[in-house]
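2 protein chains.
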Amino acid sequence: MFEAAELGHHIDKATWKAEEPPLREALLDLQYQMHERAERSVVILLAGVPTAGKGEMANKLMEWMDPRHIATHAFSTHPLDDAGRPEMYRFWRSLPPKGQISILFGGWYAGPIWAGEHQQDAATLQREAEKIARFERMLASEGVLLLKFWLHLSAPELKKRMQKLSDNPLTAWRVADEDHAYLKHYPRNLDSARKLLMATNLALAPWRVVESVDENFRALTVGRQLKDALSHHVARSAEAENRVEAPPLLPPVDGLRLLDTLKLNHELDKHDYQQQLEALQGRLNGLSRDPGFAKMAVVVAFEGMDAAGKGGAIRRITGALDVRQYRVVPIAAPTDEEKAQPWLWRFWRHVPARGRFTVFDRTWYGRVLVERIEGFASVPEWMRAYNEINDFEMQLDAAGVVVVKFWLSIDQDEQLKRFQSREEIGYKRFKITDDDWRNREKWSQYVEAASDMIERTSTPHAPWHLIGANNKYHARINVLQTLCDAIEAGLARQAGAVTRTSHKKK
Amino acid sequence: MFEAAELGHHIDKATWKAEEPPLREALLDLQYQMHERAERSVVILLAGVPTAGKGEMANKLMEWMDPRHIATHAFSTHPLDDAGRPEMYRFWRSLPPKGQISILFGGWYAGPIWAGEHQQDAATLQREAEKIARFERMLASEGVLLLKFWLHLSAPELKKRMQKLSDNPLTAWRVADEDHAYLKHYPRNLDSARKLLMATNLALAPWRVVESVDENFRALTVGRQLKDALSHHVARSAEAENRVEAPPLLPPVDGLRLLDTLKLNHELDKHDYQQQLEALQGRLNGLSRDPGFAKMAVVVAFEGMDAAGKGGAIRRITGALDVRQYRVVPIAAPTDEEKAQPWLWRFWRHVPARGRFTVFDRTWYGRVLVERIEGFASVPEWMRAYNEINDFEMQLDAAGVVVVKFWLSIDQDEQLKRFQSREEIGYKRFKITDDDWRNREKWSQYVEAASDMIERTSTPHAPWHLIGANNKYHARINVLQTLCDAIEAGLARQAGAVTRTSHKKK
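Going down the list, the sequences are from chains A and B. Take the first sequence: its position 65, counted from the start at 1, is 65 in this note's numbering, and no numbers get skipped. Take the second sequence: its position 193, counted from the start at 1, is 699 in this note's numbering, and no numbers get skipped.
I should point out that these hints are in silico values taken from the structure, not numbers from a laboratory. Heads up, the beta-carbon is just placed ideally off N, CA and C, and yes, glycines get one too. Fair warning: there could be bad hints in the mix.
Label pairs and their calculated CB-CB ranges [to be verified]: (1) A:R174 x B:L762: 49 to 59 Å; (2) B:W679 x A:A140: 41 to 51 Å; (3) B:W679 x A:R134: 38 to 48 Å; (4) B:N791 x A:E178: 22 to 32 Å; (5) A:T335 x B:T939: 19 to 29 Å; (6) B:A589 x A:Q126: 32 to 42 Å.
In silico DSS-like pairs for lysine-lysine, Cα to Cα no more than 30 Å straight-line [said to hold, decoys possible]: (7) B:K937 x A:K60; (8) A:K17 x B:K776; (9) A:K270 x B:K566; (10) A:K428 x B:K566; (11) B:K733 x A:K431; (12) B:K978 x A:K60; (13) B:K934 x A:K13; (14) A:K431 x B:K523; (15) B:K519 x A:K270; (16) A:K98 x B:K934; (17) B:K845 x A:K98; (18) B:K604 x A:K98; (19) A:K428 x B:K845; (20) A:K339 x B:K934; (21) A:K339 x B:K845; (22) B:K978 x A:K13; (23) A:K60 x B:K934; (24) B:K937 x A:K339; (25) B:K523 x A:K270.
Required output: the full structure, derived from the provided sequences and hints.
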């Protein structure tokens, strides 16, 4: 992996003087073209041996191009405390909007698992690499151009560099204690790096190893690779790529769909409902104040047919909680800042901090429901969404965020009754729009899409809970019960995890 | 102030049962109307004696209305660390977008100055109150409805409430040590509160003191006030209010405007420029790595005629800095998330953290330049913007953020030459648009607006630096020199402040 970056590459002054100006002009031109079209974005990830010049390289890129459309983000080896949110949260927050460039120092390769601090076993490394591969594939599909550079120095060159920096009082601050440690264990560290690069050297986002001894060589190499990738990127429309034909899903040949089998009618009268409601709300309130709850978080996701009772169920949940502890997020059309990002970005921004609830009224599943049915997402887009969603929820789960997903089902007669009552009652008139009537005509398509969705995204860590909701009371009780059970399981897992960790330490 | 809230107010069960349902329905209806129109937003600020039920009241409001369009924000007495940003930063971040409601616990009244921890002298209190008054006036002008409630308990009632909560193991957690301290020094604390409420009892956002012993009385009182304010708010268009006629500014009767007197031509050849540039960039780089710099921050603001050389000057600044330390923010049309907020919101979001630079290419001064000239802002809107801007910059200054503002001036001949060269040179073609030619026709209006702006917003803590920029080299040198001087002054002040603080401690 590093052999070609220890050959003593060098660019002489004359070559540099001849090559730099046209390269610079080409990069600037490509940057402006990309910015004008605002269809795709670019992530330049800089990693490498310490003191190899990641900062200088970034400075050079900023000098060459227009710094007004480039943002830089440095990440430390140890993740900052994002209030318990998943590790990827901070990377999602640093993605450039369309038309823009982000330069990331280390990025998602800066985590402790890669730092070679504690040698990881091969299986863990592989798992992490696969997680990253899925993330980078998602970026590529969303039109983000990712360029990963490893700036390299051999052990003798690193030693020389550190010596030179230390000798000059103006640059001595650039050599940190960790850098000395890195040099001391250079072979072991490089071995870790090799494994990392090998495992994440994807066809769609390969590593580019650059010898970093001669700064002109480094700059020209990175610059040319960037120019080449950008021209390729600018020339091809993101739109066009996503229109690739893919065979759509077919309904079951006997016509029997998962959701057709759900029991929709249940018995529960108002009196029993109120008794059970009070008990369950008390239970939920108690769970939310459990000392262990401060170390976890909850995402509640509601989907279902229009007028299936999502709003009512949400109010029964929030009614049991302290307002300072939850946030209800209704999902409507994306804002323009959201549209300029990979599609999951607008859900990531609402991931709850430790000790908190986020309740989504409609969710990321819109991608495989309304967007599929209305054609807002192309077939390949919504087809890959199943995996992207499973990844998202797996990351939430791994960070101790309990994900509870409800599908509320009613039949067409019940929906009609509710639509009519909404049109009659004063303040309920806001709850019914022309869209609702239009969606109703596509009933069967929704049943099909929802059945596919449930089949493909019901995972052990985030199963779908299907609620027959013709009887509102029964539905609400069912929702509260399921939610309490899930939080209790989360608390138990939390307690178990704490015990396991403390065992390890002994 | 609190007399009427110690009368033993009470609402009996029958009244409650009769009054609550219609109130609830009316509130929900008003909330939906406001949400649909998305023209204004609502901030409900809850303050008061400890355990007086701020949380319960917020819960009740969430229960009455649709929680999907309400966000809550709790603020502790001691500000969280926003990486050295001004105290108001976190409140700006919690403002509701148009059509939405935010419930704030304490809000900008939660700061230590109000907590009665250390008795403030009358002058300090008055100064703080005036700062708040200006902020609340700005909110009102921007169509934000602010309702401030003080939930009150007399000393005996507070004691009783705390006793009752402590006796029940399920509620004992709600009584904190601070609450005991509050009770112990009740008269002194209440005296602080009285001063606070009196000083910030503005006609446009009066305090509403509510006796909080009987929860039905509390809820009906708050609910009705909210309903009344909302109906008033919903009925009147924010647009219409801002169209109030105001006499515009008149140009000086002799026609001589501030900017007409600026010297535009200077001598500096390329060779001298390059020598001075190198020295100044070295100086700037050194300042940015000064240990004291980590405790301050810098905002650089660029305005000027089109093609006056803002971009070039910015690149000479960023060229001297480490990319991890700065952010360049080009100001273009606001996004829809930005449009849904008070106009300064989109600049507040870019306020730099401690140790960092934000360079604005065009700024908040667009309000009194292009928005004034094109009529995007009404006369009262841009007229009040001068004060709003001065407040914004004063708050930056108070938080140790050095604000350096440049106006770059060229004459019309020079602009024409530059426009033409932009149209000819390949990658520069992105820098010239039809808008630029259109603006050129309004040259005189821009000179007038800029002259007014400089006169009204050149303050001791954030003076305008007027740069005659027909000679690019001279302009860039002048910019760098001014910036270095300002940072040096900031560092000296920083050092002085530290010394002063440590003196106090002795």
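For each hint given before, does the structure comply? Return the numbers of the non-compliant ones in rising order. Result: no hint breaks.
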